[in-house]
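One-letter residues, chain by chain:
2 protein chains.
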Amino acid sequence: MYNFAAGPAVLPAEVIKQVQQELTSYQKSGMSILEISHRSSLFTDLQAAAENDLRRLMRIPTDYDVLFLQGGATLQFTMTALNLAKKSGKIAFVDTGHWSQRAIQEAKLLPKVVPEIIASGKENHFTAIPKVPKITADYDYVHLTVNNTIEGTMYHQLPAALNNQTIVADMSSIILGYDYQVTDFDLIYAGAQKNIGPAGLTVVILKHALLSGIPTLPAMLSYPKQVKKHSALNTPPVFAIYTAGLVFKWLLKQGGVSAMQQQNEIKAQLLYNEIANSSLYRSPVAVADRSLTNIPFVTGSDQLDAEFVADAQAAGLMNLKGHRLVGGMRASLYNAMPLAGVKRLVEFMQQFEMNHGGSRK
Amino acid sequence: MYNFAAGPAVLPAEVIKQVQQELTSYQKSGMSILEISHRSSLFTDLQAAAENDLRRLMRIPTDYDVLFLQGGATLQFTMTALNLAKKSGKIAFVDTGHWSQRAIQEAKLLPKVVPEIIASGKENHFTAIPKVPKITADYDYVHLTVNNTIEGTMYHQLPAALNNQTIVADMSSIILGYDYQVTDFDLIYAGAQKNIGPAGLTVVILKHALLSGIPTLPAMLSYPKQVKKHSALNTPPVFAIYTAGLVFKWLLKQGGVSAMQQQNEIKAQLLYNEIANSSLYRSPVAVADRSLTNIPFVTGSDQLDAEFVADAQAAGLMNLKGHRLVGGMRASLYNAMPLAGVKRLVEFMQQFEMNHGGSRK
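Chains as they are written, first to last, in our numbering: chain A, -7 to 353; chain B, -7 to 353.
Any given hint could be a false lead.
Where chains are identical, the list cannot tell them apart; a pair therefore holds if satisfied intra-copy or between any two copies.
Here are the computed lysine-lysine pairs in the BS3-like style, where the Cα-Cα straight-line distance is at most 25 Å [unchecked claim]:
#1 K221 / K100
#2 K220 / K100
#3 K220 / K9
#4 K104 / K20
#5 K335 / K20
Worth flagging that the hints you see were computed from the coordinates, not collected in a lab.
All chains, full assembly: derive it from the sequences and hints.
Structure, rendered in structure tokens:
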């Protein structure tokens, strides 16, 4: 079977096998990875290796820190604003859909923080990334949702208007899947449960220079305090970091992020082509802004969509139901989804179309 | 070998085996527990079962909510104060050592929150639980660290002076190991990585009536919002909740918390007796306040302590080094530590004492 869920999502089968094999005794210690102390070298070594491998994969320069935190992107909505809206208090948001809006809502709840929407895809029902106008006001930073998991859009490149701005990016559903330049961003955050590892881990990559001038905050919410303690000011999520580390090693073996991007482009193109060639399926998303990792499509009939999802599931193609906010279908094609899975999906789509009287274009 | 770490700590071997066995296909779904959606019934069923089992184990009444969160006890230091210091803003702390003090420090960082220490064990170097005087001021709540992981003290019963107070308790290192009455508390929190499951999960049990009058807070920091969404307002730590659920089932099979307490008393007594009968080892802790789960002891010589820890490790008795703040040794005897492990430790202690010229009392 193939799991097209948007997250938690499919992981490399090799990684799951390795976790299974060494679960009762990590590194011949006689202890499970679930039992080892976060102060032991067993853990600090694996955390350092995970960080180093992530740095290699994303070419993260030494003037950026890497954090392994908890709380998901939703806690980052709060942490980014608490830590970084430190001068004017004004944050510029590009509203590209549900997760941008959640980030805006959370920023609004903080005193002295003023979120402003500088561009929105609302008029187009978020089927395209909006144009970003020249920025004139004095924002502490600009917030982007780089890939929109629900709407199926992504930035293929950053808007020119954002040159010289401090950019904070939610990269949850595309991190390690598309070869963005870390140096184009000042802070990147991502929930692990899509392209990194199991749920319960959040990766934050931030420019060291950002840390100056941040007010004193509760320890768990403070980037400077978390950086100072290398993400271990209390017990970190050991197992999730360990599994993410195995995924990083798997990615290096596959050739790294540029190789994954190439694979992801092939997989996505296969599905987008099938949609284009079909008289039954339609992608609501503007061609130029289509996501590589989250691909929504519809038949135009809610009833037929539901039938598609149920029949697909019966055929071993799992979790193809679109998010309740947009309906239809969604196939999430993260790094760990093999090409064979997409081929199987395309075959199923063709069969389903034939069974429902569709004629190929 | 036996793992005496204070946390992350030993888990039941049966639980680890079950995790291993079903890691590649959870409930014959063809998907790993690491890959299943938190919106699928596979997950919501297991979360509901985990909650029900915890309710049975701790006899949690229906007017209490149960949350499965992230961020550890340290984030609870902040969340409890943010949510519950809502009228006078004053919090009464009983200072019983390091983790009480961390809770106080975090509360101090919040605007409008005034932490006051109403009793402290500082004079006695935290080797005893201090007497709590009659409370006259108007506190929003009283905060207790029920078991002190580093200093090795615990409340065997709650101070009478706290009757009718709102009580918030950090139960991280004793939850499910001693049969406290949930109804004696208004909110209980515990990091999972000692007596519940793997690191990366925090259990919160709170009286539903506490939720009224809480200000609007960022979603991840708000008890009312977390309760409303059943701990799933974003992706919860699926694997940690799953493993905790298996530990709960294991505990029910062992006879529940009162059976575990009985076992823990036998294990602790074995070690305390050995210390009492020895001319080499000494417990710094007042007899009446000794912890069942974290047992520090010293030889009186730093060099001999270090030798003890190294020799013990060579003999397969792992992680007996005391916390750097107090030195010496510490044996953590959580629920998953078998009696055989404590017997082995006691034998080793006797041998070590003989080898170092000790004469039995």
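Taking the hints in turn, this is what the structure says about them:
no., hint, verdict
1, K221 / K100, "between (29 Å within a copy, 20 Å between copies)"
2, K220 / K100, "between (28 Å within a copy, 20 Å between copies)"
3, K220 / K9, "neither (34 Å within a copy, 37 Å between copies)"
4, K104 / K20, "neither (52 Å within a copy, 51 Å between copies)"
5, K335 / K20, "between (40 Å within a copy, 24 Å between copies)"
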